[in-house]
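**Student:** Spelled out from the first residue to the last, the chains are:
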Amino acid sequence: MSKTPEKLINEKGLRLDGRKPDELRPVKIEVGVLSNADGSAYIEQGKSKILAAVYGPKEVHPRHLALPDRAVLRCRYHMAPFSVEQRKSPAPSRREMELSKVIREALEPAVFLEYYPRTSIDIFIEVLQADGGTRCAGITVASLALADAGVPMRDLVAACAAGKIDGKIVLDLTDTEDKNGEADLPVAMMPTAELITLLQMDGMLTTEEFEEALNVAVQGCKHIYEAQKEALKAKYIEIKEAVQE
Amino acid sequence: MIPSSIITRVKQKRIAQLISRGKRIDGRNLYDYREIQIETGVIERAEGSARVKLGKTEVLVGVKLEIGEPFSDVPNEGVLTVNAELVPLASPTFEPGPPDENAIELARVVDRGIRESKAIVLEDLCLIPGKKVFVVFVDIYVLNHDGNLIDASALAALAALTNTKIFNYEVKDDEVVIKPGYKKLPLRNSPIAVTFAKINDRLVVDPWLEEEGVMEARLTVIMEKEGKICAMQKGGGGYLTPKQILEAVKVASEKSKELRKLVVKE
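Chains as they are written, first to last, in the numbering used here: chain A, 1 to 245; chain B, 1001 to 1266.
Keep in mind the hints are simulated off the structure, nothing from the lab. Model, not experiment: these values are computed from the prediction. Yeah, the Cβ is synthetic: ideal placement off N, Cα and C, and Gly gets one too. Among the clues, some could well be false.
[Claimed, not checked] Cross-link-like lysine-lysine pairs, in silico, DSS-like; alpha carbons within 30 angstroms at most:
#, chain 1, residue 1, chain 2, residue 2
1, B, K1118, B, K1165
2, A, K101, B, K1243
3, B, K1228, A, K179
4, A, K222, B, K1243
5, A, K240, A, K229
6, B, K1165, B, K1064
7, A, K7, B, K1257
8, A, K240, A, K20
9, B, K1243, A, K20
10, B, K1132, B, K1183
11, A, K28, A, K47
12, A, K168, B, K1257
13, B, K1257, A, K88
14, B, K1064, A, K7
15, B, K1023, A, K229
16, B, K1064, A, K179
17, A, K12, B, K1228
18, A, K28, A, K168
19, B, K1265, B, K1183
20, B, K1265, B, K1243
21, B, K1225, A, K168
22, B, K1132, A, K101
23, B, K1011, A, K179
24, A, K101, B, K1053
25, B, K1011, A, K101
26, A, K222, A, K7
27, B, K1250, A, K168
28, B, K1132, B, K1118
29, B, K1179, A, K168
30, A, K88, B, K1132
31, B, K1250, A, K179
32, B, K1228, A, K20
33, A, K101, B, K1118
34, B, K1053, A, K222
35, B, K1250, A, K222
36, B, K1118, B, K1011
[What the hints assert, rightly or not] Quick partial rundown of chain B residues pointing at chain A, CB under 8 angstroms, derived from the structure:
#, residue
37, G1041
38, E1105
39, V1176
40, I1178
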């Protein structure tokens, strides 16, 4: 077990990893990383490493789950046993089941499900290493995998958490900050129209602090959105260059 | 979203139309709750219990106490466990079997409210540090599903906890000896959940079953007694604007005060 640090923000106003309160961790995204999946993407956000794959639209199994007027969106958020300090049983935990549900509901508003009746679109999110913010990074990367699979969407979904540590509102909490902080507020949104598709909160915030944290999270999502677009473009630039050679 | 019974298109349209005019199909205003009835101490075998009726929605919560082991990272604190059962007798859409994602979400949202507001004084539930503590089992039993299970369950859980008694005990040579008599479970806060449904781009409070059937998104705000937010959860496959979320927080601040008076008698 790692020790609990006494202070999460130092005298200079910097966090344990040297970040400013409203600064994201370094984000690295790659699109189209798995050959079997219809769409896939990989993200590293600080020490969190997450892989997402999309299969579909395809026939629904079991068949009775098919809907006559739209596709079913299914989502599994899962953590690898070695992704956390103490080995996690590979069986889905209650936390993973709840997160699978809220992540699906965060992506659903973006997808034109009505274009593919009687089919399913399956999203698999595997957390390979967890250091806080995995549900948000999972949404960020899953929406890229959907785009990579060619599923028509209203917008990408970008996600980022805000929170409160040592009395201050900060962006993109690490695991240590989340565990020792006062509040955590994961947010996902479709950035173009600023529509929020995931909102959870635990901890304690006054209504004023909440408003500030929500704003910080929304700004964070916009930065993530830029990184998402860059990563998508990068894949096609690579293909273009390969073709020209 | 918990699957509801089938609603005809005509009715769906009617519900949405009325809401855009600031009215609801059952005659309520947008920010009105249904009638609430709370009864405590309904199960004598449980250390605490409560039955809440929210309109036709009915939830029973039983609290059981057991002696168990603490978590290694908090060796001096009691343990809280919340579980929810969507019992098949409560709705044609509930099936027997292990809790599904809806039941898990319900239990975890209620759990978060109690845990994050630090409602139970868990430090007082330690018997032998690092070895034996009280485990508080909060079991939510849905008896009739007519919408807004989260608020009804959170209310019933809080009412059951305020009604919970702990047996007296003595620690002798690392053994816990149970003695006659009881004291009250120590509580320091009272989290209240206020749930909204977004229908036709407007928010309504305490959606009932048919409103849940047509809602685009759901938002729960849990407020503690000082007026701080201690938990939130968005549900449903739609979106909310930041403006709607801030509006919901404002309404929840007011509504939670009204609801708290029904459970906590100062």
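**Student:** Could you run down the list of hints and mark each one as holding or not?
**Tutor:** Each hint tested on the structure:
no.: 1; hint: B/K1118 <-> B/K1165; verdict: 18 angstroms, holds
no.: 2; hint: A/K101 <-> B/K1243; verdict: 24 angstroms, holds
no.: 3; hint: B/K1228 <-> A/K179; verdict: 19 angstroms, holds
no.: 4; hint: A/K222 <-> B/K1243; verdict: 17 angstroms, holds
no.: 5; hint: A/K240 <-> A/K229; verdict: 17 angstroms, holds
no.: 6; hint: B/K1165 <-> B/K1064; verdict: 10 angstroms, holds
no.: 7; hint: A/K7 <-> B/K1257; verdict: 35 angstroms, violated
no.: 8; hint: A/K240 <-> A/K20; verdict: 38 angstroms, violated
no.: 9; hint: B/K1243 <-> A/K20; verdict: 27 angstroms, holds
no.: 10; hint: B/K1132 <-> B/K1183; verdict: 19 angstroms, holds
no.: 11; hint: A/K28 <-> A/K47; verdict: 11 angstroms, holds
no.: 12; hint: A/K168 <-> B/K1257; verdict: 27 angstroms, holds
no.: 13; hint: B/K1257 <-> A/K88; verdict: 40 angstroms, violated
no.: 14; hint: B/K1064 <-> A/K7; verdict: 38 angstroms, violated
no.: 15; hint: B/K1023 <-> A/K229; verdict: 43 angstroms, violated
no.: 16; hint: B/K1064 <-> A/K179; verdict: 28 angstroms, holds
no.: 17; hint: A/K12 <-> B/K1228; verdict: 29 angstroms, holds
no.: 18; hint: A/K28 <-> A/K168; verdict: 27 angstroms, holds
no.: 19; hint: B/K1265 <-> B/K1183; verdict: 18 angstroms, holds
no.: 20; hint: B/K1265 <-> B/K1243; verdict: 34 angstroms, violated
no.: 21; hint: B/K1225 <-> A/K168; verdict: 22 angstroms, holds
no.: 22; hint: B/K1132 <-> A/K101; verdict: 35 angstroms, violated
no.: 23; hint: B/K1011 <-> A/K179; verdict: 47 angstroms, violated
no.: 24; hint: A/K101 <-> B/K1053; verdict: 27 angstroms, holds
no.: 25; hint: B/K1011 <-> A/K101; verdict: 28 angstroms, holds
no.: 26; hint: A/K222 <-> A/K7; verdict: 29 angstroms, holds
no.: 27; hint: B/K1250 <-> A/K168; verdict: 22 angstroms, holds
no.: 28; hint: B/K1132 <-> B/K1118; verdict: 20 angstroms, holds
no.: 29; hint: B/K1179 <-> A/K168; verdict: 47 angstroms, violated
no.: 30; hint: A/K88 <-> B/K1132; verdict: 24 angstroms, holds
no.: 31; hint: B/K1250 <-> A/K179; verdict: 28 angstroms, holds
no.: 32; hint: B/K1228 <-> A/K20; verdict: 26 angstroms, holds
no.: 33; hint: A/K101 <-> B/K1118; verdict: 26 angstroms, holds
no.: 34; hint: B/K1053 <-> A/K222; verdict: 43 angstroms, violated
no.: 35; hint: B/K1250 <-> A/K222; verdict: 26 angstroms, holds
no.: 36; hint: B/K1118 <-> B/K1011; verdict: 42 angstroms, violated
no.: 37; hint: G1041; verdict: 29 angstroms, violated
no.: 38; hint: E1105; verdict: 5 angstroms, holds
no.: 39; hint: V1176; verdict: 27 angstroms, violated
no.: 40; hint: I1178; verdict: 31 angstroms, violated
Hints 7, 8, 13, 14, 15, 20, 22, 23, 29, 34, 36, 37, 39, 40, counting from the list given before, are not met by this structure.
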